[in-house]
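Undergrad: Build the complex from these two chains, which are given one at a time in their own frames, with help from the hints.
Each chain, written out:
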Amino acid sequence: MNKSLLAGMMMLIVGLLLFFVLIPYGIDSPKKIRYAALSPLYYPKIVAVALSIIGAAIMVKSWRKTEPETLEPQHPNGKVRVLSFLLILAIYATTLDFLGFVASGTVILTASLLLAGERRVTVIAPVCLGLPIMLHLFFYKIANVPIPAGILAPLLAGL
Amino acid sequence: MIETILEGFHLFATWQNLMLLGLGVTIGTFVGAVPGMTTPMAVALTLPFTFTLHPVSGILLLLGVYKGGIYGGSITAILINAPGTPAASCTVLDGYPLARRGEARRALDIALYASCIADFISNLSLILCAGLLASLALAFGSPEVFTLILFSLTIIASVSGDQLLKGLGSAAFGLMLAVVGLDLVYGTNRLIFGEVELMSGLNFIPVLIGLFALPEIIAFFGRVEVQREHNPLAGIGASLVDIKRTLPTILRGSFIGVILGAIPGIGGAPAAFLSYSEARRTSKNAANFGKGEIEGVAAAESGNNGTAGATLIPLLALGIPGDVTTAIILGAFMIHGLRPGPLLFQDNLSLIYALFIGIMMSSIFLFVVGKFSIQIISRIADIPQRILFPIVLVLCVFGAYAVNNTVFDVGVMFVMGLVGFIMLKLKIPAAPFLIAFILGPMLEDNFRQSLLMSRGSWTIFFSSPICWIFWGLTILAIFILVRRGTSVPLNG
Chain A
1166 MNKSLLAGMM MLIVGLLLFF VLIPYGIDSP KKIRYAALSP LYYPKIVAVA
1216 LSIIGAAIMV KSWRKTEPET LEPQHPNGKV RVLSFLLILA IYATTLDFLG
1266 FVASGTVILT ASLLLAGERR VTVIAPVCLG LPIMLHLFFY KIANVPIPAG
1316 ILAPLLAGL
Chain B
8 MIETILEGFH LFATWQNLML LGLGVTIGTF VGAVPGMTTP MAVALTLPFT
58 FTLHPVSGIL LLLGVYKGGI YGGSITAILI NAPGTPAASC TVLDGYPLAR
108 RGEARRALDI ALYASCIADF ISNLSLILCA GLLASLALAF GSPEVFTLIL
158 FSLTIIASVS GDQLLKGLGS AAFGLMLAVV GLDLVYGTNR LIFGEVELMS
208 GLNFIPVLIG LFALPEIIAF FGRVEVQREH NPLAGIGASL VDIKRTLPTI
258 LRGSFIGVIL GAIPGIGGAP AAFLSYSEAR RTSKNAANFG KGEIEGVAAA
308 ESGNNGTAGA TLIPLLALGI PGDVTTAIIL GAFMIHGLRP GPLLFQDNLS
358 LIYALFIGIM MSSIFLFVVG KFSIQIISRI ADIPQRILFP IVLVLCVFGA
408 YAVNNTVFDV GVMFVMGLVG FIMLKLKIPA APFLIAFILG PMLEDNFRQS
458 LLMSRGSWTI FFSSPICWIF WGLTILAIFI LVRRGTSVPL NG
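Top line first, the protein sequences correspond to chains A and B. Oh and the first sequence: position 20 is 1185 in my numbering, straight run, nothing missing. Oh and the second sequence: position 379 is 386 in my numbering, straight run, nothing missing.
So that you can see chain B by itself, here it is in the shape it has in the complex (with noise of 0.2 Å):
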């Protein structure tokens, strides 16, 4: 045992791993900083540079990128209200307006703190309890999803605050948003009215950027430009106190990530709202939710990281990839001659140990790049807004095109940019849409699935403990909220 984890080490321990590994960090936080560069995009552009390389170094790269892209993410999301990636889409709820007071180093540090912590934490679950998460996400099926995600949309009730119906109506136009589309059943179309680029649906990207980016930018141009009040906590970082106060935020958030980064083809984006919302129910400012709360980033964050490095735990254990990017991934292994699962364990044992060495390392790798990118970028948030708004829809328009290299795209993000903008004005809060539109095909694909295999039968939704589990916490959550009432309106 400690002979082939000397030999991993050994394997792991050369200097082109280190630099590939940072590379690839430094990479993947770039790319997931530009609105519309996606990780998998990042991960698949990084790919070809891995064929000529050693496994180890080759997979370290693609982790590094992975690993990079997913924080990078925030970074957008939290300076111009553009979230780099969906799954980083919860974090401009509260990390924008934090930019807006003048808090953006405060709020990147926070997210930089979340994300290494939770990552840190996914990766030991990786190494230490693969095969235990490993077997706990096979026992999810299509009920047991549907009934998470049901779980995970009570947060819309959370993020409407006193504007609980406006909330809901404009969780319904996400839902209705996202059954544009092939019919995922039968293959027929739905509300694509000819549109050939309608067929796979609309893009996460072009909508969160036209929903979240635009509206602000178009409302800049109604409103006087005024001189940030005076802010003591301006340009400053976090604190030693916001790190105790946010630390149970981010351990809660990260556990969710793991668990629900085990599961395939959940994802960063329901881990980040399960957490968002768990965080709120429990802290004591939820009133400042939504209006620029430290907790609120870390929470948002710290669930989105906390996926990934359980998201490797079925692609490596199992050799089932989770999303698009551990496809990818997997995709590599294959390259060179590997087969991710339990002979892999058993073939390769040096292998997996060396990467589970470079993946622990990685997690130290993004806080250094983090450190030294946060130095540098949070001083985006200093351009006065007339000369930042007019830049950043620029960078909006090139990142809308470039998600799937179609100017369509593009025209989404202009329509969806004025629908946020009459949402804005007529005060239906954002987050709802976002959330439903995010989590609204998860729903009704797992919901179908599920009574396919029951032969119509809806008591599938209560036949495993799982389920149950859910349902209680979906009335439980419920309950809680009707009681607690909810007293301030998010406008995302």
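Same shape as in the complex, but just chain A (with noise of 0.2 Å):
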């Protein structure tokens, strides 16, 4: 399947999803109103319609037609690499909260360095160890942000 189609029907059905699933259950409208344009309802659905009607319009344009493929070089390993990649980033966004900003950045860091190429120990250990413990810094103490510490809270306190 090409993409422009994958793309259209993507579009055709997150449009209908949201025409007679999501914007009925998920929006709320009081039952009385005077003019219809200003229900809260109304704009919402003309933006739903009209991205099912270009979704439908991009599948006909696109039906059984082949697309060039890209031109960037592929690694080997690239789907590998992204899913990969992508379970960092699911990790990070779970851990996040328990482990803290400083504990969880070094990991993610350190992982995403080795996964992207990098073995140089001289870079690593500084970038992992240093770069989360400077923004923690930044934010916290000069920013005023309340970043939160996680496992490392008694440690960090004391910088």
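Careful, some of the hints might be misleading.
[To be verified] List of simulated lysine to aspartate or glutamate pairs, DMTMM-like, C-alpha gap at most 20 Å: (1) A:Lys1244 x B:Glu223; (2) B:Lys298 x B:Glu285; (3) A:Lys1168 x B:Glu223; (4) A:Lys1210 x B:Asp452.
It should be emphasised that the hints constitute simulated quantities derived from the structure, not laboratory data.
TA: Structure, rendered in structure tokens:
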């Protein structure tokens, strides 16, 4: 299946899903509205219809058409690397609150740098240990942003 | 008159004022360059330090932070594809492709020149035409703003290139995402599904970072890291030829910024997009826009920075803050016992002149600070991507959190990163999404407010000459686009 057809199909499905499911159940509208155009449903419904029509139009236009493939040289293990990085992002998102920004930042930086192919300890060590602490100090001490310290709270409190 | 100007000069001309103005511009530039650290945040953080200062010194410090912040947003937009502020989001369209080609220094230079020239013109407009522009701004009600935004949205067609349908679909996604939150008129829930954090809608910064920076990082892991091809312009700043070529674009963008900046509530992002759209429409290099066209950077930055001085027009002339930052500056005036508006011009004219001199000086400081910082900052583009991208990831996480101090925004950024990556893979341009997401709420709010005012009558959208002008421009823009036919896709 070509990419445009897939894109059109995705837009059509999202548009229909919005119009028939998400908007009716996800948007509350008062029972009595003097002018239809003022309803909280009016504008989102127009956009959902537009999205569906555009999706259908893309599908019709790209039906049975072939598209040239990307010219960028792909890594031999590209798919595995992308999936591994997405896994790293998922771990980052789920452990951020518990581990805190510094600890999780250090772990994720190390994993990402290794996955990206960096092997020099002289680069990995200062970046992974220094950057999260520096960012923490900047946001916490200078910008007054309460960055969650997580498991390193006692340690970071002393800085 | 001359006596009052001299009095104003005496009020301004102290070492303390000069240093504070320079410090403000430096802080603003630095903070603006950090994704997630917004200009209003920087101004608000600086506000307590002004309490004990003389009113002129305190307000100049805040104005310095404000001006620096507007420029600073472009730095990360160019270098790492993560706009520091929503207004700088237009700069990524051409700034980042230039940086990828090794021409970060050139892009940063042009961004700085465009910012300084636009800022200077905007300041001059504030001083010379405040009254005129304030009265023009007052003529803009909801129907006029609706037609203006509608006209601005025609840029979607031009940034979609030959992927017009996909671009329109992308814009529809953006408009839909902008709907999330509480309904403006009835206060009912819209697509929040019980999530309290979504009540105020999705914040711009995590969405922007997610949509632009993260997909680039994810895609990096799928491809081979190639050594940058030899580019004779790599590491070299903008030439005189570049400046000459972009000057008309900068001037046009500055005037667009001045006019839109004077209208309360519009802000820098629509001005940047409109300026970009006009530049692309009139440029000989229209086909290069979105691929790393220096005119694109100049247009975006001049439109954005053109609003900087003009936003102060409704504040100083009428006492109406045009955006969050000027609302904080209004607070600073009031803390010092001053009330902006016509009376301020009557009672404290020397203070106004002192501020005007300081505002003019801020453009020079912006140039000096920008020129100095570019020399250091542009080296970021030379860091190998395998090291730079993981660093950018962690920076983005801290930045997304800092906007509202909530991990929820970090989650939004990750989800948008995934959405952006899918869009990248399916060749759906991200730029229309971004434009619609930023302009969408303004479009809907002004549409509904107009209908409320007219009790449901659609004739309100044709009720004033300004509305007619923008309808005419919108139709003209669509007509030109259809006639010319678009040929170049932009992948944002």
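Undergrad: Confirm or reject each hint.
TA: Hints, one by one, checked against the model:
1. A:Lys1244 x B:Glu223: Cα-Cα ~15 Å, so holds.
2. B:Lys298 x B:Glu285: 17 Å, holds
3. A:Lys1168 x B:Glu223: 19 Å, holds
4. A:Lys1210 x B:Asp452: Holds - the C-alpha atoms of Asp452 (chain B) and Lys1210 (chain A) are around 16 Å apart, at most 20 Å.
The earlier numbered hints are all upheld by this structure, with none contradicted.
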